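**Student:** What follows is the residue order along each chain.
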Amino acid sequence: MNATADIIKPHAVLPDAQPLLTLKGVTKTFPGVRALHNVSLSLYPGQVTALIGENGAGKSTLVKTMTGIYQPDGGEIAVDGKVVALNGAHDAFAQGITAIHQETVLFDDLSVAENIFLGHAPRTGLGLIDWRTMRAKSRAVLNGMGAGHIGPDDRLKDLGIANKHLVAVARALSIDARIVILDEPTAALSAKEIEDLMMLIEHLRAEGKAILFISHKFDEIYRIADRYTVFRDGEMVGEGMLAGTPQNDIVRMMVGRAVDQIFPVRDSQPGDVVLSVKGLSHPTEFDDISFDLRKGEILGFYGLVGAGRSEVMQAIFGTTQTSAGTMTLDGKAVAPKSAAEAIESGVVYVPEERGKQGVIIGMPIFKNVSLPSLRKTSKNGVLQLAEEFSLARQYTQRLDLRAASLSQDVGTLSGGNQQKVVIAKWLATSPKVIILDEPTKGIDIGSKAAVHGFMAELVAQGLSVIMVSSELPEIMGMSDRVVVMREGRVAAVLDNKDLSAETLVRTAAGIAA
Amino acid sequence: MSAIGTTRQIPDRLDNPLRSLVFSWEALLVAVAVAIFIVNSLASPYFLDVWSLSDLTFNFTEKGLIALAMALLIISGEIDLSVAAIIALASTLMGMAAVAGVGTPGLVLIGVGVGIACGAFNGFLVTGLGLPSIVVTIGTMSLFRGIAFIILGDQAYNSYPASFAFFGQGYVWWVISFELVLFLVAAVIYGFVLHKTSFGRRVFSIGNNPIASHFTGVRVARTKFILFCLTGLMAGIASVLITSRLGSTRPSIAQGYELEVITMVVLGGVSILGGAGSILGVVLAALIMGMVTFGLGLLNVPGIVMSIFIGLLLILVIALPILWKRLSRRRIA
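Line by line, the protein sequences give chains W and E.
Going by this note's numbering, the first sequence opens with residue 83, and the numbers climb by one from there.
Going by this note's numbering, the second sequence opens with residue 2, and the numbers climb by one from there.
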């Protein structure tokens, strides 16, 4: 693969070329999170810059800042050396900045020509849309980029995802965009479609556009990019020309930090196999997943976003149907068809989307906690409030929940405390296996430590934990073993002894050592 | 780690339950009911009479019975607009059976059975096929009443057995009608089911967040199916009562009842978006609606004006809580 990198790019621009877009000291803070810190970035005309970083490194915040959706708290953005204020998507548009996203933000029910010219359609003398010119121009743009198979009158919804990307690019060309941001454009494409897109990017580069290319896939980055910029925890940690930079250097920059958070020290002695999954498959999301979970073990699931980890977990929890495969729990075959059945058998799931799938906002804390245990807290179907309160108190206090009262609406709690309510509700069911999907995503440091400490306590008591996480320190700090998934399959099952972050990232991205 | 929690005890609740009762929607409804009672007794000399007041109860008992089940359905996030059409279909089939010589117990069974069957049909379309209930029940509203029209045309059935008259015309004791007793008993049962049982708790949780409820092991589809069947059951019971009270069936029977039922439910404080409400509120709202329409009737206000009044009331009770929230938010800001 390094051979690709050594090819000298014919378009490599002289190093003293003037950047088209410059970010200097850009900072963006959200309540409790510093998404971007003192970020500097330059995009050069006729060059493709790859933006590389782990999930949550600040890439999407950066894209939103560059396209005017977010306004930075500090620093400046300059186009052609002139400082500009991007107060909304319209300003970015006027500066010739356009972004093509993983999921295109076009209009399904409009025609291709309408999508290309929405907002800047050619007009007739009467101020009406000049359809004839619009169609002709659309055809010219599409032909010019080798996409003549797309007609101006095609409905967008009839096109595949790859062709939708092409329309988005055509739109960028039609507004004469000079700065094109491609945010993981290949995520949903086939190999052939990716190759077509690569050719198109080369075409854009040859026209002198400054291109920011965001991707997790190293082969694509080395195939197309001239420069690289690596982000970590909202900061730019390295940049340079890609030619001559080995992949391992970039991986090292991505993971960089040592495991700096403090994780509980555990003396883990996993016992017998509790949950055994064999050949679990789904028509589209995952294929042939097999692994064993032992008593008192924390099994980490690592992978890139879209690797199919959550889908596997939901299949084990009965909320996603499978096409093949078997599961055994304590040696007995199980095939849950609903969450209710999974809970009954002792498997519970703390979902990633806490607000949507985890807590029931609008209901008080104690009712959230008792909901899956109502059979235990009621007599012949009649509620026993005292039982419910005592159950809720017992488990929320074990998790050190911070709340004014147990009758408080769960929606008034912070994200971290909401997560504690979700975990408390499952503990009250005395489960055998608890699956935590991104358990500390978007919660404060203090709650994170509480959740981690609690996981350690649970496995010490003989529970088994599956932890899906995209955070390397969390995976490395908590897991006994790590299942790495890539594109819906198990790429490797690694023992967390002397496991390096580089190995994990390489396995997840499919890079040979 | 587990020692941390023992340092501080989280209280069960903070606000005084008595205080929250005084400032509740139900307390407001009681005040409104008292005010309307006073206005009615001043406006018409015929209002303050035991038989007059007894007649008044017939204005809300039948719709109120359906409103009890409808409240649970709306709290769960669904709705049934076909209840009046179910009454028409059930009444028509009872009429046919009466002509064929079926006795009173059989007629009641047919009325109630048709109601449950119609509710189950709605429930299957919504939970089995995943269709939105507002569309399904607009469809079945036309379907059920359409069948009644085809069977009856411009005819009427009125050959019901004499013993059948008790349900809609009978009195249990003095001025206390069978309908009123049935309504009060049903209200107690529904209040208990909604507020005191785990089934009721799940109804609230589904209305607040069906996805999270599903992910917490609540059998969402099954619960909603049961609620549709209950609503059909109550419409079937109401059909028996109305048919018995009128002693005849026309296909236009109970026309427009669904709007009055839904107005009762919403006026009773049930959130039209689901997730909140109480049976006490619905009972009070039924009483208020009954008093208002009866009072207007005593003043010889024509039916079409009453329908205008109910339309305005429905808009008002839906708009009021939203406007109130917007207003109080502005005051904070």
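One or more hints might be untrue.
[Unchecked claim] Straight-line Cα separation of at most 27 Å, DSSO-like style, residue types lysine-lysine; simulated pairs: (1) K461(W) x K197(E); (2) K239(W) x K219(W); (3) K377(W) x K461(W); (4) K299(W) x K326(E); (5) K360(W) x K461(W); (6) K419(W) x K360(W); (7) K438(W) x K377(W); (8) K458(W) x K438(W); (9) K197(E) x K458(W).
For the record, the hints were derived by calculation from the structure and aren't laboratory data.
Since this is a predicted model, take the numbers as computed values, not measurements.
**Student:** Each hint needs a verdict: does it hold in this structure or not?
**Tutor:** Hints and how they fare:
no., hint, in the structure
1, K461(W) x K197(E), "holds, 11 Å"
2, K239(W) x K219(W), "holds, 21 Å"
3, K377(W) x K461(W), "violated, 33 Å"
4, K299(W) x K326(E), "violated, 49 Å"
5, K360(W) x K461(W), "violated, 39 Å"
6, K419(W) x K360(W), "holds, 17 Å"
7, K438(W) x K377(W), "violated, 30 Å"
8, K458(W) x K438(W), "holds, 25 Å"
9, K197(E) x K458(W), "holds, 15 Å"
Of the numbered hints given earlier, the model fails hints 3, 4, 5 and 7; all others are met.
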